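S.K.: As a plain string of letters, each chain reads:
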Amino acid sequence: MKFLQNLGKSTLETISSVGASSIMLYGALFALPTWKNVRLTIAQMHVVGVQSLLIIMVSGLFIGMVMALQGYTILVNYGAEGSLGPMVSLSLLRELGPVVTALLFAGRAGSALTAEIGLMKATEQLSSLEMMAVDPLRRVVSPRFWAGVISMPMLALIFSATGILGGHVVGVDWLGVDAGSYWSIMQATVEWDKDVVNGIIKSIVFGLVVVWIALYKGYSCIPTSEGISKATTETVVFSSLAILGLDFILTALMFGIS
Amino acid sequence: MISKRTEIWVGLFVALTIAATLLLALRVANQGMSGGGETYKLNARFDNIGGLKPRSSVKVGGVVVGRVSRIYLDEQDLIPMVELEISSEYLLTFPDTSGLSILTSGLLGEQFIGLQPGFIFPEDIVMIEEDKVCETAPYTDCPYLTAGEEVFDTKSALVLEDLIGQFLFSQGDE
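Line by line, the protein sequences are chains A and B.
Position 213 (the first sequence) corresponds to 253 in our numbering; numbering is contiguous.
Position 109 (the second sequence) corresponds to 313 in our numbering; numbering is contiguous.
These aren't lab readings, by the way, just hints derived from the structure by calculation.
Bear in mind the structure is a predicted one, so any value in this text is a computation, not a measurement.
Any given hint could be a false lead.
Said to hold, decoys possible - Incomplete in silico selection of chain B near chain A, CB under 10 Å:
hint, residue
1, Val214
2, Leu216
3, Phe217
4, Val218
5, Thr221
6, Arg231
7, Ala233
8, Ile283
In this text, a Cβ means the ideal position worked out from N, Cα and C, and glycines have one as well.
In isolation and in its complexed conformation, chain B is listed as follows:
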């Protein structure tokens, strides 16, 4: 027979376990924007992706706006293609002229994609407001980046060996 005392102790043990699990789940583990939900996809091509990995973050001025979902080689040109997923919160925020570059956090840290928002021509603003090109599909005339579009202004990752080579060549010229 188990006494009330035993049951209370086992109950406290289970409660302590649940508290520990909650601590680990909420305070320790990643509570990143994976809970964000809706995203839209963008594509980009780079000459060298460096150390970029799937699930690397996409940041605008340090603020995480999305993640890298897929990295693959384009079949015809054999150029690395990166597929990004940006949170739908930022739909119709980044102009077509935005640039992507692969940056490193810290000196030896992990690499992420930095998005530099571009500019909108004044005549495009008129087009958005009067012709409402950003509200009906297809969005090809919309000067903002929309789902499935490719970003053309890209800067690849800095490869250490190329940098050293450039430095040595510039020294040799002198």
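This is chain A alone, in the form it adopts within the complex:
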């Protein structure tokens, strides 16, 4: 009996949290852009985007290098090592770029956003803002939302570009793949609107989802230290699951049965 009761209760809680997060998103999105909001957004882009650059670029470099290394050992069996270029670039542009960037972004920037907003809630800064007739959604949540949505595709592009260059370093300079083949077969295979643009669309969707989850978890957390820690963990876990699930759906839509 208790089990059914709990099941019903948790379902209703989930549905109401989806509704509450949509209300929060609506309140944060439809903020009229003023010059002050743009400055806040740029400040948040520094926190969310620029400070993630190091981890994104280093990860991109290493992932590109590993892909070139692993790909070479398999392709050389078929005499197809010239196809290393398209292998590395298509994997990065279509899948690894958006997904790994989003996972790293959720872990680094998402958890930071949740902790920051959760602490603001716990120390009653959000209620004080309301008391001063400043809309906390517009002042605090909206800049962070737009900063995240704008930074994510930028980070994903930087990740893919660094990965391709890393693949070049390992493939051409260390393993002896012909430089001309690396770039020319890549140019013949990679298409702008099918591969690069689809990767950008994916990263925008992932950025939106990660930032939305992070902001909502912070905004609705229980205002104690345990509550903040739980909210931060849930941000990372839920964002990662959502990213991987959405990746499958988007890939099926973009590259699947058409």
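Please arrange chain B on chain A, whose structure you already have, making use of the hints.
M.R.: Just chain B now, with coordinates in the frame of chain A:
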């Protein structure tokens, strides 16, 4: 308040993104002859198009001169028809006697159409120069391929099963 330092860092971040996007757009993605612009259309019929797809290339001795734009079945004969778009740079270059065949790049690679330029009869050269048949519409007398014409000399794609069948029959004859 955002300091100058923050603004500089965000500016560098955006600049780095633009550099990455340019790298991807110019060096990585397809900078094929889709930017070429003007093209003229030719038609051809094949018995079997094999693995030919729209946007497959048309090559003369390995040089890409055009792309396949449409593949469809002729309504009456149910024979595959292929519509090609050749770059206008090569207008009045290929004679009417040119041949098209469906070839495969590499062993397992993608299929493309190879154009083998034909020959021009000496009396046709006279016709081109003196009567100027290639300069005024309609171009039906022009011995070069012009827009909308059909290429008649076509070789279909090699189908593996037919090849095996031929081989087995030839073995059986011995």
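S.K.: Each hint should be assessed against the structure and marked as holding or not.
M.R.: Cross-check of the supplied hints:
1. Val214: holds, 5 Å
2. Leu216: Hint holds; Leu216 (chain B) Cβ to chain A Cβ min 8 Å, cut 10 Å.
3. Phe217: Nearest chain A Cβ about 5 Å off; hint holds.
4. Val218: With Cβ-Cβ at 7 Å, under 10 Å, it holds.
5. Thr221: Cβ of Thr221 (chain B) sits 4 Å from chain A, so the hint holds.
6. Arg231: The hint holds - Arg231 (chain B) has a Cβ within 10 Å of chain A, the shortest such distance being about 7 Å.
7. Ala233: Holds. Min distance 4 Å.
8. Ile283: Status violated, d = 27 Å.
Going down the numbered hints, you'll see the structure goes against just number 8.
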